[in-house]
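J.: These are the residues of each chain, in order.
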Amino acid sequence: MKKFLTAIFSIACTTCALAQETPTSPLEFSGSVDTYYKYDFAKKSNIPTSFVSDHNSVSLGMIDLALKKKTGKASFVGEISFGPRGQTQSIPDAANNNSSFHIQNLYINYDFTDKFSMTAGYMGTFIGYEVISPVGNFNYSTSYLFTNGPFQNAGIKATYKFSDKVSLMAGLFNDWNLYSATRGVSSIGGQLMISPVEGWTAYLNVLSGADPYGYGTIEDLTTSYQITKAFKLGLNAANYDMADDAGGYAGVALYPQVAVADAVTLGLRGEYFKTKDVGAVLGTAYTGLTLTANIKSGGLTFIPEIRLDHNGDKPFTNKTGGAAPNAGQFSLAAVYAF
Amino acid sequence: MPPVYLSRRLFIIFIFYLMVFGMQYRLVLILVLLSFKLSAQQKQFSSDDNGKFIYYEVVEKAAGKDSLFLRANTFIDLYIKSLKKQSTTDTSIFAKGVMVIDKTILVASHPSGEVNYKFTFEAKDKKYRFWLTDFEYISYGRDRYSNYVPTTTVATPLEKTPGKLSAGEWKDIIEAAYSKTAKFADNFKKALATNQTEKQNKKKETISTKKW
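Top to bottom, those sequences are chains A and B. Per the numbering used here, residue 1 is the first one in the first sequence, and the count goes up by one each step. Per the numbering used here, residue 1 is the first one in the second sequence, and the count goes up by one each step.
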């Protein structure tokens with residue numbers, strides 16, 4: 001064992017020294033690991049948004065591994081995850097397919113010019129503020145808008161960058177969240193990015209076509225503005241209409257964040273989300289308030305969070321199992337990005 | 001940097017050799033390796049009158065003022081993607097630059113942030129000076145497509161003392177920034193010591209296989 005450890009240590013030191021000689025590596029390698037503890041005030045899982053599902057348990061998020069390489073004008077990204085957050089709790093449901101992993105990104109990009117590029121493959125969706133990877137989110141739990149919207153899109157897209165302040169993307173996509181299409185390349189999507197002032201970026205998104213529920217159109221605004229050195233404000237608003245008045249949803253979420261120290265940022269997520277009426281069945285409205293802290297030390301982010309949700313139609317349960325209009329949870333998460 | 005580079009290489013080969021042939025020396029070697037790493041990390045930025053980090057060099061016994069100015073201009077034009085000219089006079093150039101800092105994991109790496117800086121060049125006859133200052137760091141994060149992009153528009157001056165939680169990471173960033181700055185300075189000095197016209201006119205040596 002001693003010999004093995006000594007050898008590993010020596011090789012690691014040597015490799016480190018070798019790597020320092022090369023200013024940049026042609027192959028990018030990165031990833032993350034996350035784990036959490038959640039306590040639900042109703043003593044059972046109650047809030048129906050994605051991830052952070054287990055009550056009173058130290059549970060796993062996922063391990064995520066990503067590779068990227070660029071050669072000339074061509075590049076690829078391959079990102080794969082293992083664990084509940086990146087596997088069974090992501091879509092497509094890996095467990096149902098007897099698969100033990102989930103592809104987060106797998107695409108090839110070609111920069112025809114400095115302004116024009118095309119990308120094909122399976123990518124994180126361009127819709128919405130939040131993403132599957134905990135590294136990309138401030139809050140550890142997720143919003144209703146994220147849970148009900150697309151997670152990923154397979155397709156081909158073209159992006160034209162008019163300037164650093166304006167770009168336009170248009171693409172053709174499969175139905176949401178599927179590695180291969182079940183109804184052909186059936187969706188069309190677009191994104192207009194504008195950056196009116198330094199620190200403010202806004203994305204106007206639209207995606208129309210096949211989705212897991214049928215056919216529909218989703219319009220989405222995702223924006224964030226670093227207003228001062230310490231204060232940042234994010235906003236996500238979306239409207240989703242299914243074809244033939246078969247339902248949909250609309251909602252808005254606000255993300256104010258304030259840096260209180262070099263390594264500590266506090267953030268609030270306030271969300272209003274309403275499902276649409278389907279015939280005689282009336283839609284239902286949720287409000288959610290999530291207070292989160294991000295405490296950073298190197299690659300580690302420690303995320304304590306408290307969340308309170310409300311719905312007048314009492315979709316939640318209380319400690320005794322009865323219907324309740326309110327739900328709450330407390331969680332502690334650790335996310336390490338490398 | 002060449003001597004450091006060379007000695008590091010030789011040192012690595014030496015380590016491998018002794019790993020195979022001299023088990024009893026391994027512990028000693030590991031300690032030596034650590035001290036080598038420490039000594040390699042000792043170089044750091046100096047501070048200017050305002051307490052800001054600065055990399056400053058004066059080079060004597062150089063070419064004429066006009067040649068130096070021309071060569072400096074050519075060099076900056078070559079670095080157009082990472083170094084943008086802001087203003088020039090007959091004898092000086094002021095530019096703003098950016099260098100990407102990488103985080104290395106074994107043999108692979110990824111960008112972890114960028115350091116913006118200001119570059120000043122001044123030429124006199126047979127000598128010149130240049131300095132880089134106003135180093136500011138912007139951290140990168142991974143976006144939804146797994147690309148590394150700036151996570152904020154708020155830049156932090158490199159000389160700022162961070163809190164305890166970020167101290168280790170900040171030290172690595174400063175070391176990486178210094179290393180890249182020193183390499184940039186070496187390239188700049190080489191460019192200013194080379195006559196570009198002569199270099200262009202010099203015929204590329206070709207090998208003919210027709211006669212032997």
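In case anyone wonders, no lab produced these hints; they're calculated from the structure. Glycine included, every Cβ here is placed at the ideal spot set by N, Cα and C. Mixed in with the good hints, there may be bad ones.
[To be verified] If you want the footprint, here are the derived chain B segments under chain A, 3+ residues with CB under 8 Å:
| id | stretch |
| --- | --- |
| 1 | 45-51 |
| 2 | 84-91 |
[As the list claims (entries may be wrong)] Computed cross-link-like contacts, EDC-like style, restricted to lysine to aspartate or glutamate with a CA-CA straight-line distance of at most 20 Å:
| id | chain 1 | residue 1 | chain 2 | residue 2 |
| --- | --- | --- | --- | --- |
| 3 | B | 84 | A | 245 |
| 4 | A | 161 | B | 143 |
| 5 | B | 84 | B | 186 |
| 6 | B | 81 | A | 54 |
| 7 | B | 61 | B | 114 |
| 8 | B | 118 | B | 159 |
| 9 | B | 189 | B | 122 |
| 10 | B | 171 | A | 164 |
| 11 | B | 126 | B | 66 |
| 12 | A | 161 | A | 241 |
| 13 | B | 81 | A | 114 |
| 14 | A | 69 | B | 114 |
| 15 | A | 165 | B | 143 |
| 16 | A | 319 | A | 111 |
| 17 | B | 126 | B | 49 |
| 18 | B | 96 | A | 164 |
| 19 | A | 70 | B | 114 |
| 20 | B | 160 | A | 262 |
| 21 | A | 70 | B | 143 |
| 22 | A | 229 | B | 60 |
| 23 | B | 85 | A | 54 |
| 24 | A | 229 | B | 125 |
| 25 | A | 69 | B | 143 |
| 26 | B | 164 | A | 54 |
J.: Could you run down the list of hints and mark each one as holding or not?
T.: Cross-check of the supplied hints:
Coverage of the stretch 45-51 of chain B by chain A is violated [criterion: at least 3 residues with CB-CB distance below 8 Å; count 0]. Under the rule that three or more residues need a Cβ within less than 8 Å of chain A, the assignment of the stretch 84-91 of chain B is violated, with 0 such residues. The hinted pair formed by residue 84 of chain B and residue 245 of chain A fails the criterion: a straight-line CA distance of about 55 Å is larger than 20 Å. Taking the CA atoms of residue 161 of chain A and residue 143 of chain B, the gap is about 18 Å. The hint holds against a cut of 20 Å.
Distance check on the hinted pair: residue 84 of chain B and residue 186 of chain B sit about 19 Å apart at the alpha-carbon level, within 20 Å; holds. Taken as a hint, the residue 81 of chain B and residue 54 of chain A pair is broken in the structure, with Cα atoms around 49 Å apart against an allowance of 20 Å. Among the hinted pairs, residue 61 of chain B with residue 114 of chain B is inconsistent with the structure: their alpha-carbon atoms are about 34 Å apart, more than 20 Å. The suggested pairing of residue 118 of chain B with residue 159 of chain B holds, with an alpha-carbon distance near 15 Å, which does not exceed 20 Å.
For the hint pairing residue 189 of chain B with residue 122 of chain B, the CA-to-CA distance comes to about 13 Å; that is within 20 Å, so the pair holds. Of the supplied pair hints, the one linking residue 171 of chain B and residue 164 of chain A is violated, its CA atoms being roughly 31 Å apart against a limit of 20 Å. Pair hint residue 126 of chain B plus residue 66 of chain B holds up; C-alpha atoms about 10 Å apart against a cutoff of 20 Å. Our distance criterion of 20 Å between C-alpha atoms is broken by residue 161 of chain A and residue 241 of chain A, whose separation comes to about 30 Å.
A threshold of 20 Å between alpha carbons decides the hint, and for residue 81 of chain B with residue 114 of chain A the separation of about 11 Å falls inside it, so the pair holds. Of the pairs offered as hints, the one joining residue 69 of chain A and residue 114 of chain B holds, with about 19 Å between alpha carbons and a cut-off of 20 Å not exceeded. Our distance criterion of 20 Å between C-alpha atoms is met by residue 165 of chain A and residue 143 of chain B, whose separation comes to about 18 Å. The suggested pairing of residue 319 of chain A with residue 111 of chain A is violated, with an alpha-carbon distance near 56 Å, which exceeds 20 Å.
With a C-alpha separation of about 27 Å, the suggested pairing of residue 126 of chain B with residue 49 of chain B is violated against the 20 Å cut-off. Restraint check for residue 96 of chain B and residue 164 of chain A: the C-alpha separation of about 17 Å stays at or below 20 Å, so the hint holds. About 19 Å separates the Cα atoms of residue 70 of chain A and residue 114 of chain B, which keeps this hinted pair within 20 Å; it holds. Only pairs whose Cα atoms come within 20 Å are accepted, and residue 160 of chain B paired with residue 262 of chain A is accepted, the gap being roughly 11 Å.
Distance restraint check for residue 70 of chain A and residue 143 of chain B: the Cα-Cα separation of roughly 17 Å lies within the 20 Å cut-off, and the hinted pair is therefore satisfied. Pair hint residue 229 of chain A plus residue 60 of chain B does not hold up; C-alpha atoms about 43 Å apart against a cutoff of 20 Å. Between residue 85 of chain B and residue 54 of chain A the alpha-carbon distance is near 56 Å, which puts this suggested pair outside the 20 Å criterion. Restraint check for residue 229 of chain A and residue 125 of chain B: the C-alpha separation of about 45 Å exceeds 20 Å, so the hint is violated.
Proposed proximity of residue 69 of chain A and residue 143 of chain B is supported: the alpha carbons are some 16 Å apart, at most 20 Å. The straight-line distance between the Cα atoms of residue 164 of chain B and residue 54 of chain A is roughly 33 Å, outside the 20 Å bound, and the hint therefore fails.
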